[in-house]
Amino acid sequence: MDFNWLSTILFLPAAGAIVIALYKGANEKLIKWLATIFTAIPFILAVVLFIAFNRTTGGVQFEEKYLWIAPLNAYYHLGVDGLSMPLLLLTTFLGFLAVLISWKVHERPREFFAWLLLLETSIIGVFVSLDLLLFFIMWEIEVIPMYFLISIWGSGRKGYSATKYVIYTLFGSALMLAGILSIYFTTHSLNMLDIANQGLGMAQSVMPAAAIFWLLFIGFAVKLPMFPFHTWLPDAHTDAPTAVSVMLAGVLIKMGGYGMIRLCVSMFPVQAQQYAQILIILALIGIVYGAAVTLMQTDIKRLIAYSSISHMGYVLLGIFALGQVSMTGATLQMFSHGVVTGLLFAMAGLVIHNVEVRDLRKLGGLAKQAPIITAVFVIAGLASLGLPLTSGFAAEFIIFLGSYTSTAVAHLNVYTIIAIIGVVLTAGYILWMLQQAFYGPVKAEYNNVKDADNLEKVYMFVLVAVIMLVGIYPAILTDVFKLGITPIVNLIH
Amino acid sequence: MNLSLFIPEIALAITAVLVIMLDLFVRQSVRKYVLPGVSLAGLIVACVFAVIMWGDNNPALFNNMLAADNFAMFFKLLFAGTAFLVILASADYASKFERFQGEYYALILLSTLGMTLMAAATDLISLYVSLELTSISLYVLVGFLKDRKSTESALKYLLLGAIASAVLLYGMTLIFGTTGQTQLIYIVQSITSMGNNTPAANPAVFMGIVLLIAGFGFKIAAVPFQMWVPDVYEGAPTTITAFLSVGSKAAGFAIIMRVFLTSFSAYPSMSHDWGIIFAALAVVSMIVGNIAAIPQTNIKRMLGYSSIAQAGYLMVGLAAAGVFTGLESSMPSGEIMAQKGVLFFLVSYALTNLGAFIAIIAISNKTNSDNIADFAGMGRRAPVLALALTLCLISLIGMPPAAGFMAKFYIFSLAVKNGLLWLVIIAAINSVISAYYYLRVVKVMWFSEAASPEKVPSSIAPKVALALCCLGVLLLGIIPGLVMKLAELASNMFSF
Numbered sequence: 006m007d008f009n010w011l012s013t014i015l016f017l018p019a020a021g022a023i024v025i026a027l028y029k030g031a032n033e034k035l036i037k038w039l040a041t042i043f044t045a046i047p048f049i050l051a052v053v054l055f056i057a058f059n060r061t062t063g064g065v066q067f068e069e070k071y072l073w074i075a076p077l078n079a080y081y082h083l084g085v086d087g088l089s090m091p092l093l094l095l096t097t098f099l100g101f102l103a104v105l106i107s108w109k110v111h112e113r114p115r116e117f118f119a120w121l122l123l124l125e126t127s128i129i130g131v132f133v134s135l136d137l138l139l140f141f142i143m144w145e146i147e148v149i150p151m152y153f154l155i156s157i158w159g160s161g162r163k164g165y166s167a168t169k170y171v172i173y174t175l176f177g178s179a180l181m182l183a184g185i186l187s188i189y190f191t192t193h194s195l196n197m198l199d200i201a202n203q204g205l206g207m208a209q210s211v212m213p214a215a216a217i218f219w220l221l222f223i224g225f226a227v228k229l230p231m232f233p234f235h236t237w238l239p240d241a242h243t244d245a246p247t248a249v250s251v252m253l254a255g256v257l258i259k260m261g262g263y264g265m266i267r268l269c270v271s272m273f274p275v276q277a278q279q280y281a282q283i284l285i286i287l288a289l290i291g292i293v294y295g296a297a298v299t300l301m302q303t304d305i306k307r308l309i310a311y312s313s314i315s316h317m318g319y320v321l322l323g324i325f326a327l328g329q330v331s332m333t334g335a336t337l338q339m340f341s342h343g344v345v346t347g348l349l350f351a352m353a354g355l356v357i358h359n360v361e362v363r364d365l366r367k368l369g370g371l372a373k374q375a376p377i378i379t380a381v382f383v384i385a386g387l388a389s390l391g392l393p394l395t396s397g398f399a400a401e402f403i404i405f406l407g408s409y410t411s412t413a414v415a416h417l418n419v420y421t422i423i424a425i426i427g428v429v430l431t432a433g434y435i436l437w438m439l440q441q442a443f444y445g446p447v448k449a450e451y452n453n454v455k456d457a458d459n460l461e462k463v464y465m466f467v468l469v470a471v472i473m474l475v476g477i478y479p480a481i482l483t484d485v486f487k488l489g490i491t492p493i494v495n496l497i498h
Numbered sequence: 015m016n017l018s019l020f021i022p023e024i025a026l027a028i029t030a031v032l033v034i035m036l037d038l039f040v041r042q043s044v045r046k047y048v049l050p051g052v053s054l055a056g057l058i059v060a061c062v063f064a065v066i067m068w069g070d071n072n073p074a075l076f077n078n079m080l081a082a083d084n085f086a087m088f089f090k091l092l093f094a095g096t097a098f099l100v101i102l103a104s105a106d107y108a109s110k111f112e113r114f115q116g117e118y119y120a121l122i123l124l125s126t127l128g129m130t131l132m133a134a135a136t137d138l139i140s141l142y143v144s145l146e147l148t149s150i151s152l153y154v155l156v157g158f159l160k161d162r163k164s165t166e167s168a169l170k171y172l173l174l175g176a177i178a179s180a181v182l183l184y185g186m187t188l189i190f191g192t193t194g195q196t197q198l199i200y201i202v203q204s205i206t207s208m209g210n211n212t213p214a215a216n217p218a219v220f221m222g223i224v225l226l227i228a229g230f231g232f233k234i235a236a237v238p239f240q241m242w243v244p245d246v247y248e249g250a251p252t253t254i255t256a257f258l259s260v261g262s263k264a265a266g267f268a269i270i271m272r273v274f275l276t277s278f279s280a281y282p283s284m285s286h287d288w289g290i291i292f293a294a295l296a297v298v299s300m301i302v303g304n305i306a307a308i309p310q311t312n313i314k315r316m317l318g319y320s321s322i323a324q325a326g327y328l329m330v331g332l333a334a335a336g337v338f339t340g341l342e343s344s345m346p347s348g349e350i351m352a353q354k355g356v357l358f359f360l361v362s363y364a365l366t367n368l369g370a371f372i373a374i375i376a377i378s379n380k381t382n383s384d385n386i387a388d389f390a391g392m393g394r395r396a397p398v399l400a401l402a403l404t405l406c407l408i409s410l411i412g413m414p415p416a417a418g419f420m421a422k423f424y425i426f427s428l429a430v431k432n433g434l435l436w437l438v439i440i441a442a443i444n445s446v447i448s449a450y451y452y453l454r455v456v457k458v459m460w461f462s463e464a465a466s467p468e469k470v471p472s473s474i475a476p477k478v479a480l481a482l483c484c485l486g487v488l489l490l491g492i493i494p495g496l497v498m499k500l501a502e503l504a505s506n507m508f509s510f
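Chains as they are written, first to last, in this note's numbering: chain A, 6 to 498; chain B, 15 to 510.
No lab work stands behind these hints: they were computed from the structure.
Please note that a few of the clues may not be correct.
Said to hold, decoys possible - Footprint (simulated), chain A over chain B, 3 or more residues, beta carbon under 8 angstroms:
hint, segment
1, 252-263
2, 423-433
3, 492-504
Unchecked claim - Chain A is nowhere near these chain B residues, computed Cβ spacing over 12 angstroms in every case:
hint, residue
4, Val-59
5, Pro-73
6, Asn-77
7, Glu-112
8, Thr-196
9, Val-202
10, Pro-217
11, Arg-394
12, Ile-411
13, Ser-462
To be verified - Label-pair ranges, simulated between beta-carbon atoms:
hint, chain 1, residue 1, chain 2, residue 2, range
14, B, Met-241, A, Glu-361, 53 to 63 angstroms
15, B, Val-398, A, Ser-160, 41 to 51 angstroms
16, B, Val-65, A, Ile-49, 43 to 53 angstroms
17, B, Val-65, A, His-498, 25 to 35 angstroms
18, B, Val-398, A, Leu-35, 55 to 65 angstroms
19, B, Pro-309, A, Ser-160, 42 to 52 angstroms
From the three backbone atoms N, C-alpha and C, an ideal C-beta is built for every residue, glycine too.
Excised from the complex, chain A in its bound form (with noise of 0.2 angstroms):
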């Protein structure tokens, strides 16, 4: 195929982007249009891609490759395989569902929908590239639109949270930097299947290859976020505004686990290996420190943010299992914790718009109210919490099944036996949020709160249909993300 069809999708939002900033008007109607125009393509593309995508041969497809700086040897390559082209459909996806989600934004619009579509273009960037520095700086530029999207449109301490995240992410970036620079020394090269096929061949490395690789892996722990870094997400996406919270919590935090098998298990395949012991105790600490911290929680944003950290925790574990099973199961789980956050960011930003209020001791009985809030919110929750028939479940289930029968690592089965406490304490937190916010006695000042428009309704909906396709037949998603994990598997064994 001779159009560069990846190169479309990835600038078209950046186009959409810069048209928007350009505007002069102030028709806030045309500006939301052009967003959802802008979205929307990229979308039906991915879908098609999606679909033309050669799940016979596999492989690396839709691959559009130039020279770009001549004396770096950095190319424009752009590519994706089984591991990205799931991950590009759910960014594409979330990124037009981010743009309807912000309808009822009306403080200066043009600059927030021309940042958000920056956002959208540096995240397919990073899933997309296969060049080191292209990746790296589509990695950094998101950055940007993240700070200027949480500090003008957040709320609460939205200077503190978004400088936070700012630092945080560049902290971690930094040592990336350092570690890709490492790895450029040692191949020479920035293309990043040739590394991750050809090893990095140690021959005149700088340093060992265990601190290349904790120097990557500490860049995508942060962004995972794996404790102990986690700190900045609950502020960040208790302060985001909610189509950036749904963004933060969607598809954001998938670049570190996406980074963590593309750079750091496919090209330090023995280092992985050999720490995937620390790794996966941190992951369980995760699990069971994040949904604890979870249940202590009140603010309905907070209580969401926590709970991705625990969820996160069940991706590294799938990871780090380092089995074909196990990493399927990771990266369906971050399919499913992007739709489903996304899902429960957007109606916890909905009770919020409506409401008013944020605080779950003081909501209450809103099931009266507003049935098909409460409706989709339940259904949310309990795809969080791994109920069958929801993406959950499928991907939480392959997981467990996943490391339960790894042999990469020892004492497998009782690391699985321990993560499974987490999915306890998350039917814990979630049904007591649901209880608190919907049920119990009917709150008379709340009689006036609206219900969902029409509008919210069709993405309601959307994102409830792919929850439970995907819950009812992952193999949808699993037989894609299987070809891009066998041979990322195969490199370790």
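Starting from the known structure of chain A, fit chain B onto it as the hints suggest.
Below, chain B alone, put in the same frame as chain A:
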């Protein structure tokens, strides 16, 4: 003697004299168009000839006093470009010293001339003379506002500059005393013939090297020779601060590379020694510059400290260059020579810092204040200026897609290749610290409420200069290949 190789310098000198003359004869009303116009024309002529002479690579002219090689041409273009942008940016600002227009432009041209000569000097004597030409012009320019702060900073700059010159001269005499030579290429021969190259066996040469580093360290504002920076940056006219922060620093780096890579790379262990000194200076400069910039409330002072930190990043490249010549490796030398990274970084830094200062000049002209707090709400009052300043600050942090990222990536990758990963990690972490204070300005501009809703106007010339800078910053950030190639060609002459 072939004077034609000297045309860019002659053009600059003639223009400077011409500007002073015209100042006497041109009517007051048209003066503010004629003088900068003539200056710009002179700079363009110098640039054009520098481009024409690119590739000739004449290593020695005028009894080996000067070189007209690619390295010198590269810096000629850089300095002339810097002066060009500074003069454009002075269009509004120069009204603050109505009476001395001619002197102002002439002095800028003269100090540019000094800088181009510094980059071309291949003899300790010509080097010192050109350095003084640059410095003395700048001393006057710093005091140009004639208010208390400006005068104080000029005096401070003069006194400390004089001490630095003395230290430098002392270092030169030690080198001359031991080697009996003032020409850089003969110095290296003499050192080679001495045989024993340990510091203990040859203390005078090594003492001389240390003193030279101290003297040049003043020019590039490296810690611990940075004391003058915050006060001078704050007190000087902002246009001159911009010129100082870019031109003077770049000239310092040019001269360091020329001297150290020619004369003091006689032995691998020797260049390794000074490489390590620069590595240590880089570490303290980055840390001191970045930490001290955090509490600043005046934007010029903040950028002063930031320029110290930037000098630290640049010295990472110098350290790598020194350590490289110290490596006895079989690696292709062209690929890992770190000086090309320094050259690229200087171009990127010049565009970025000039852009930042031009935006600040335009904003402060209206608000009459350099306090960061008074930049509040500029996102509303002057969206274009604020956006440009944001881009430049992002570039200073070293974030893509701005030039600063590519420059850091390039220089750091060369340092890693030369085995200085530890230094790169320190530098990368310092970049993160710097994000804090650069972003504070961004925050104030975009998120704070404006003191008044009034728009901030500016005339066409600074706008053009700002547009050029921003365009350059973006281009270097996205397609840096061409400039990297030029930097490589310019630094090839130092391959051994």
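Taking the hints in turn, this is what the structure says about them:
1. 252-263: It is violated, with 0 qualifying residues against the three required.
2. 423-433: holds (count 7)
3. 492-504: Held - the segment 492-504 of chain B has 6 residues with a Cβ nearer than 8 angstroms to chain A, which meets the minimum of three.
4. Val-59: 30 angstroms, holds
5. Pro-73: 24 angstroms, holds
6. Asn-77: Label holds. Min Cβ-Cβ 36 angstroms, cutoff 12 angstroms.
7. Glu-112: The claim holds: B:Glu-112 sits with its nearest Cβ about 38 angstroms from chain A, beyond 12 angstroms.
8. Thr-196: Its Cβ never comes within 12 angstroms of chain A, the nearest being 36 angstroms, so this holds.
9. Val-202: Consistent with the label, B:Val-202 stays out of reach of chain A, its closest Cβ about 28 angstroms off (over 12 angstroms).
10. Pro-217: 34 angstroms, holds
11. Arg-394: It is violated; B:Arg-394 is separated from chain A by about 10 angstroms at its closest Cβ, not greater than 12 angstroms.
12. Ile-411: Label violated. Min Cβ-Cβ 8 angstroms, cutoff 12 angstroms.
13. Ser-462: Answer for B:Ser-462: violated, closest chain A Cβ roughly 10 angstroms.
14. B:Met-241 - A:Glu-361: 53 to 63 angstroms: 56 angstroms, holds
15. B:Val-398 - A:Ser-160: 41 to 51 angstroms: 29 angstroms, violated
16. B:Val-65 - A:Ile-49: 43 to 53 angstroms: About 49 angstroms separates the Cβ atoms of B:Val-65 and A:Ile-49, which means 43 to 53 angstroms holds.
17. B:Val-65 - A:His-498: 25 to 35 angstroms: At roughly 59 angstroms between Cβ atoms, A:His-498 and B:Val-65 fall outside 25 to 35 angstroms, so the hint is violated.
18. B:Val-398 - A:Leu-35: 55 to 65 angstroms: Violated: the Cβ-Cβ distance is about 22 angstroms, outside 55 to 65 angstroms.
19. B:Pro-309 - A:Ser-160: 42 to 52 angstroms: At roughly 29 angstroms between Cβ atoms, A:Ser-160 and B:Pro-309 fall outside 42 to 52 angstroms, so the hint is violated.
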